[in-house]
Each structure stands twice: as structure tokens, then as C-alpha cells.
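Chains as they are written, first to last, in my numbering: chain Y, 4 to 282; chain A, 367 to 649; chain U, -10 to 284.
FYI, nobody ran anything at the bench for these hints, they're computed from the structure.
Among these hints, one or two may not hold up.
Unchecked claim - Calculated pairs, EDC-like style, for lysine to aspartate or glutamate (alpha carbon to alpha carbon, straight line, at most 16 Å):
id	chain 1	residue 1	chain 2	residue 2
1	Y	Lys281	Y	Asp270
2	Y	Lys168	U	Asp55
3	Y	Lys171	U	Asp49
4	Y	Lys257	Y	Asp105
5	Y	Lys249	Y	Glu99
6	Y	Lys173	Y	Glu137
7	Y	Lys171	U	Glu39
8	Y	Lys142	Y	Asp119
9	Y	Lys173	U	Glu32
10	A	Lys497	U	Asp57
11	Y	Lys168	Y	Asp270
12	Y	Lys173	Y	Glu128
13	Y	Lys257	Y	Glu59
14	Y	Lys249	Y	Glu128
15	Y	Lys168	U	Asp49
16	Y	Lys171	U	Glu32
17	Y	Lys178	U	Asp49
On a predicted model such as this, the values are computed, not experimentally measured, just so you know.
Below are the chains, spelled out letter by letter.
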Amino acid sequence: MRKIIALKFSLFLLLLLELSGCGISDSAERIVPQRLILTGSSTVAPLAAEIAVRFEGQNPGVRIDVQSGGSSRGIADVRSGVADIGMASRPLADDEQDLFSDQIATDGICMIVHLDNPLISLSDEQVKSIYLNEVSNWKEFGWEDAEIVVAHKADGRATLDVFVKYFKLKNPDIKADVIVGDNQQGLKTVTGNRHAIAYVSIGTARYEVENGAPLKLLHSGKIAPTPSTVASGAFPMTRPLNLVTKEPPTGLAKQFIEFAMSAEVHDLVEQQSFVPIKN
Amino acid sequence: MAKRPLSEKLDQLVGLLVRSSSALMVGMFLVVTAAILRNGLSGLSMEFLTTIPQDSGRGGGIGPLIVSTVLVLGICLLVSIPLGVGTAAWLSEFSGSRQVVTKSIQLSLDLLASIPSIVFGLFGMVVFCQKLNFGFSILSGGLTLACMVLPIIIRTVYFGLRAVPGDIRQAGTALGMSQTRILRSLIIPTAMPAIVVAILLGIGRAMAETAALIFTSGYVMRMPESVFDSGRVLSVHIYDLAMNVPGGETNAQRTAFVLLTSLLVINLCASQFSGRWLTGRRA
Amino acid sequence: MILWSSNRLSPSRTDMLLRRSLGLLTCLAASVVVFVIGFVLVESLPAFSEIELSRIISDDTWHPADPDNATFGLIPMLVGSFLVTFCALLWAAPLGISIAIANEFYPSRFMSPIVRRTTEIMAGIPSIVFGFWGLTTLVPLIANIQAPGQSLLAGSIVLGMMILPTIVLTTEQALHSLPNELAIAAAATGVGRFAFLWHVALPTCRGGILSGVVLGLARAIGETMAVLMVSGNIVQIPGSLFDPFRTITTNIALEMGYATQTHRTLLFLTAAILIAMVVPLMAVMQSLNTEQSHG
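With the hints as extra help, turn the sequences into a complete structure.
What follows is the structure, given as C-alpha cells:
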């Protein structure tokens, strides 16, 4: 019997809660200012998460949540206010110049294939011919007779933008077999399919290889995909990893961004096979 | 008479055919669940259920995710049960002879039940996360799910209330009880099992949901500190491990095992309850 | 209930209060759907002014975020949705109906309870689990036949399994509601089991069976996560069962996280189209159910 009375009470309470829900959330945000939400690039997310853990360790009471979803999501979330800081693994586009970005590392993009694949390197022309479906069988690269499974990124992904710009391709011309979202999904496609090829962040790919994923990073022509070639600028396809804010960063966001750009986290950047920014 | 053996043969043939299709379905069910049950059970331990995930979920356990799931379900039920029971009570007890009103309310609920979950996700993301400023949070996810399970709950409770014999209402009225009193002391207690079934069905539906949660309650794997934190639920975890994490299959299978067995228990309870109390009426 | 119609004498104040507040809750519950649909419509309205709307039909590719050369063709995804639903129904509908027939007309003491339980449990399996199974077991199997494995075939197998319980349960309910007199009359006149099934039971329950299929259809069109995991998500009209494709639901799931401006508006328009496809199905089902109910 008590339960039923309680049920009816909660019913009215909830109505009130629903009506005043907006106000509650506002005040809750004011009471807990020590919280940052980062969303965006799946390339930056693991690094940002590591930096966040160290930052939280040094600043008790602070909570930093990191969610991936693509650079465009990061930028969209910063614009809409859902996130405090957006993560973008590309420079800001022309129509994004109203935002503020701070570079925390540099990354390269390389082609990956399955470990069983005997291929060592691909020239730019070869990559182009694969993605335009002019070459569609591994036989042509001296491997077994099997169709090449071409993995391509979804629209709005920074890696795609960098890839398409570098190879001077038009996105609609690319003939892919699988569309992937996160970097991880690209890696997963290649580890799960011997005949697949994809392009991903060098940092993310190297991290996975160290963790035992059956992957191989292809050389671009003669240049190996390593942090040192990215750092020296010898590796051709590189891009900045940025933290983006709507306004010039202040308060906790400023503190965090400065921390992420400082030498204190260079070891974390290197651990993820990215290249730290050295002043 | 001469045709008889032929029709009997035809009958047997059809019998064989339809029974083998039954067997085919059972076979498919076994194929799908066997892999998850077998692989999921190995390495499953209390530790897996309680520790935090590590290395994008490849290592560690699913402790915080279970907490997030329970919180999302809690918010969902906290909103949908009172709203659902209230609506069902009005429809069953107070709608009177207003046929048009009742019909259109039922139509609106049928319509709500038919809306694909991804549309709820879209709706929840913009209304709860952005417009109401809850952000990617357990609250947003729970409220989105509440909208989604509302029709199931109203329907189940409504049938439960209608199954309460009219004698009880008449007896209450004859004793001079007020409507409030009759509802509170006679009808709701009699229909309590239906409310329990509604809760169970709501949990079953909500726990199975992924699409509506990815963009409302978010991906964060950490232990939530309040309902305003983002929290990853079990189904989203399976999705992420399966799609985005190389080498994540083992833990995806374990998580799927946990999700499957809890849903199994919940659904079995629901069907036991509804079988026993709702006089055979399936919700 | 009639007892309590509003002409009851002198309702007490608490009663009035209860009635009012429950009425308020009911209004709230009933308005949720208006809110959801209305919101989707309002958000998709700008599409009418932002782009030439005929482009969603005339453009044959989908690159809504391309800054220089945006295209908005929804047709490949609409075709993808229809094809995968059609292929799923193609095998799941006959199978589901025959399982229901087995349960009702050819019961076996050993099998029937197992089949019933299986159907119930299968109905409660989350779509993510089907998708996970499809991704880890089915897709590699199909990839052995023809790469890449994520294909129309994989999508329709997974979807079919998901809607199978719905079809079985609804059909069974329809067959079960046949008046007993019919069966008795049939037995009395010496009509065999199959003849009764074929000439009496199935035609009589046509409406109920169809509504089960329509319910499955609606569920299949709206399904997202399982299809997303096994379809490869390429925006193209699949040329064969082994080609990858993308449906309109998975398109929303893939892109709604980061879409802005026209792109975002178009995703809402897609959701509106999705609702517009499901609502008539609901209407059809309602009418089938009314037609089918035996007084």
C-alpha cells in the first residue's frame, strides 16, 4: 500500500522535475565547474585520454571525459556547446576560422595491409589506382589471386580530407568496398580481412602493431612511416592534431590545453607514436 | 476413398516441411547464441563484472558500464512507470464514454511504438543533449529510452487494469469508497502483477537498445559520478568493441553474454508473471 | 467504467484532483509522439529552402558535406533499405508462417514447447547481439565466397532472423483465434488436416498473417545497429547479393554525430521520410487487424 502512495507521489514529483529539468541542469553545471568534455577525432582521443588521466592526477577534483566520433563531430560539438574542447586531426577549414585551435602533436597517415600481405611499399600512383578501382586484384602486385577490399573513411573524417587532398582525388570518384568511421574501425577491417587495404593514422596503427595486431604499415615509396620521418617532414602525408575551442580558452580549458602542449606530456605523445611539438 | 492416401501423404509431407522449418529456427537460434555463450562464459568472473575497463575495453572488466546501464534504466523507469501507470489508469478508469479521445490516445501510442529507435536517438540528442543542455549524459539517455518504452508500459498496465473484475469496482462503490480510494486500495493492488510485468518488459526493451543511446548517453567508459555524466551502457560497449577495437572480440563476447543472460532472466520472469497473473493474456 | 462516467453524483474533491492529474499525465503521454514527430518535421523544414529538394532524387551520390561539390542523393539508400527488407522478408515470412502452422496444426510434444520458448527468447535478443554475430561469424563466411563479406546477403540474413519471431508470434495468434466450430465442422465432414489448413484456416486468417508480415516489414525498415555492422555502409545501389550497401537508418546513425547545416537538416529529413514510411504501414496493419477480428 505504501508503495502505491509513494508511486503516486513520485509521479507528481517527476512531473515537476520534468518541467524544471532545464533549470536543474543549469545550476548543476554551475555547481560543478571542474569538468571538461572533449569530443572529436578518434586519432586524438586516445592521446587526449592519457593526458587527461595525468592532468586529473595533478588536479584532484577535476573530471575530464573524452569521446571520439570524428573531427567534424568535435567541431560541431564545440559550436553547439555540447563539448568544451573539440579534437581535430586536421587544420581548421576555411569556414571554421572563427574557432580557436592549438596544436598538441603531429601525425602522419599511411596505408596499412594485413600482415600476410607480402607488399612492402606503394607509390602514390599505385595507391591512386587502387582507390580509383583501376587495379582491383592483388595478383597485379605479385600476390595471390584475390580481390582488393578497399576501405575508405566516412564523410566528415579528417583522415579522409587529408588523404583526398594529398592524392588530389575527388571523393565521389573513389570506389570503396567498405566505409569505416573511426581509425580503429579501419584497423579492425584490415586485421579481420587478409585482402583489405586502408589508410589510417600512423600513430594509431603503430600502437596496434605493438599490441600484436596482424598489420603492416606500408612505406610511401621509399620512406618508412615512423615518428622520425614524420618529425623531419620526409614522410609526405602529415597533419596537425589540434584542440579546438569556441572562444579563446579560459579557466580549466586553458589550463588543460596548456598542459597538453607542454613538455610534461611529450612522453605520452611519443608513447602513442605521434610527434610532439618542440618549441 | 481412393484419394485418401494421397491427401494423407500430402498432409505428412506438409507436416514434415513445417516441422523442419521449426527445427531450422531452433538451429539458427543455437548457432547465434552458442558462440556467445561458449566464448562468453570462458574468462567470465566476478572480477570481470566489477573492475574497470582498460586499454579501450580490451582488458579489464565492465564494472562502470554495469553501473551506467543500471542508472540509465533507473532514469528510464522513474519517468516511464509513473507516466505509464497514470495514463493506463486514466484510459481504463476515467475515460468514460469519450470514445474519440480514447481512440486517438491509443492511436498516438501505437504510432509512438512504431517509430524506429534511431529516430528517438536523433530526437533525444537534439532535445535532451542540446536544447535542454543535459549534454551526453545518463539523464539524456534515460529520458530518451523513457519516451521509447512508454507505449509498452501503458499497454501492459492498461490490460492489467482492464482485467480487474468489474465486481471489485462495484463492491467498492457500494461501500461508499471514493474513486481515489478504490483505485488505490482495490484496483492497483489487484493489477500490481501487471505493473511488475510492465516494468520487466520495459527493462527488457531498454536494455536491448543501442541506436537510441549512442548519441545520447555517450561513450565514456568511466564510473559515472552523477546522472549528468556520460555513461556507456553494455550494448554500446559491445558495439564499440566489435566495430572499433581490434582484438576486442573476447571482451565483446563476455559483455554480450552478460547482456544476454540478464535479458533472458528478465524476459523469463516477465512471461512467468504474465502467464500466472494476467489470466493467460500476453502482454 | 460506465459506472464512473462523468455523470456520477457529487465526486469528492480528491477524486476530481486525481481525475485531473491522471488526465494531465495522459495528455503528456499522448503528446510525446506529437513532440517527436513534430520536432523531426520542424528540424527538416529548412531543407525545403536550403536546397532544390528534387536533388535528393536526381543526385545519384551522397556527399552532403563536400564544400565544393555537395550532392544529396538519397535514392541509393532508400533502395538499400527496401532491398534488404525485401530479401529478409523473402525468406523470413514463409519460414515464420510455416513455423506458426507447425505450432498450431502439427504440434509435437517434444518440439512445440522448445520452439515456443525459442521464439520468445529470440524476440528478446538485442539487435546488437545479432549484429555482433553477423560481423564475427556470418561476414567472414560470406567473404570466403566473395569479398568483402559485408553485403546485402549478410544484411538480409541478420534482419530476417530478427523479424522471424514477430512473424511467428503474430501468425500463431491469428491461427489460434480461429473459432473452434470451424475445426469441429471440418472434422465432422471428414475434411483432412491439410485441406482444412489450406482451404479454411489460411484464407480465414489472411488478415492476421499479413499484419504479422507488415509488422516484420516495419521493424526491418527501422532497424539500425545490426544492419550497420554487416552492410559495409557504401552508398550505392547493390548490384548483387554480395555488394555492400547503406540504408537510410544506418546513414543517420553514421552521420548524425557530426553533421552540420544542410547535412544535418537532410538527416532530419531522412528521419521524416522514415516516419512517413512506417506510419502508413501501421495504418495498413490496423485495418488488417480490424478486418480479421472475428466478432
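Taking the hints in turn, this is what the structure says about them:
The hinted pair formed by Y:Lys281 and Y:Asp270 meets the criterion: a straight-line CA distance of about 12 Å does not exceed 16 Å. Taking the CA atoms of Y:Lys168 and U:Asp55, the gap is about 12 Å. The hint holds against a cut of 16 Å. As the CA atoms of Y:Lys171 and U:Asp49 are separated by approximately 22 Å, the hinted pair breaks the 16 Å bound. The straight-line distance between the Cα atoms of Y:Lys257 and Y:Asp105 is roughly 10 Å, inside the 16 Å bound, and the hint therefore holds.
A C-alpha spacing of about 10 Å is found between Y:Lys249 and Y:Glu99, which places the hinted pair at or below 16 Å, so the restraint holds. Only pairs whose Cα atoms come within 16 Å are accepted, and Y:Lys173 paired with Y:Glu137 is accepted, the gap being roughly 15 Å. For the hint linking Y:Lys171 to U:Glu39, the alpha-carbon distance of about 29 Å lies beyond 16 Å, and the restraint is violated. At roughly 14 Å between alpha-carbon atoms, Y:Lys142 and Y:Asp119 fall within 16 Å of each other, so this suggested pair holds.
With a CA separation close to 30 Å, the supplied pair Y:Lys173 and U:Glu32 exceeds the 16 Å bound. As the CA atoms of A:Lys497 and U:Asp57 are separated by approximately 31 Å, the hinted pair breaks the 16 Å bound. Annotation: proposed proximity of Y:Lys168 to Y:Asp270 is violated, straight-line Cα distance about 31 Å (limit 16 Å). Restraint check for Y:Lys173 and Y:Glu128: satisfied, since their Cα atoms lie roughly 15 Å apart, inside the 16 Å limit.
For the hint linking Y:Lys257 to Y:Glu59, the alpha-carbon distance of about 14 Å falls within 16 Å, and the restraint holds. At most 16 Å may separate the alpha-carbon atoms for a hinted pair to count; Y:Lys249 and Y:Glu128 exceed this at roughly 39 Å. Distance restraint check for Y:Lys168 and U:Asp49: the Cα-Cα separation of roughly 23 Å exceeds the 16 Å cut-off, and the hinted pair is therefore not satisfied. Proximity of Y:Lys171 to U:Glu32 is assessed by CA-CA distance (about 35 Å); at most 16 Å being required, the pair is judged violated.
In summary, the hint linking Y:Lys178 to U:Asp49 is supported, as the alpha carbons are separated by about 14 Å, within the 16 Å threshold.
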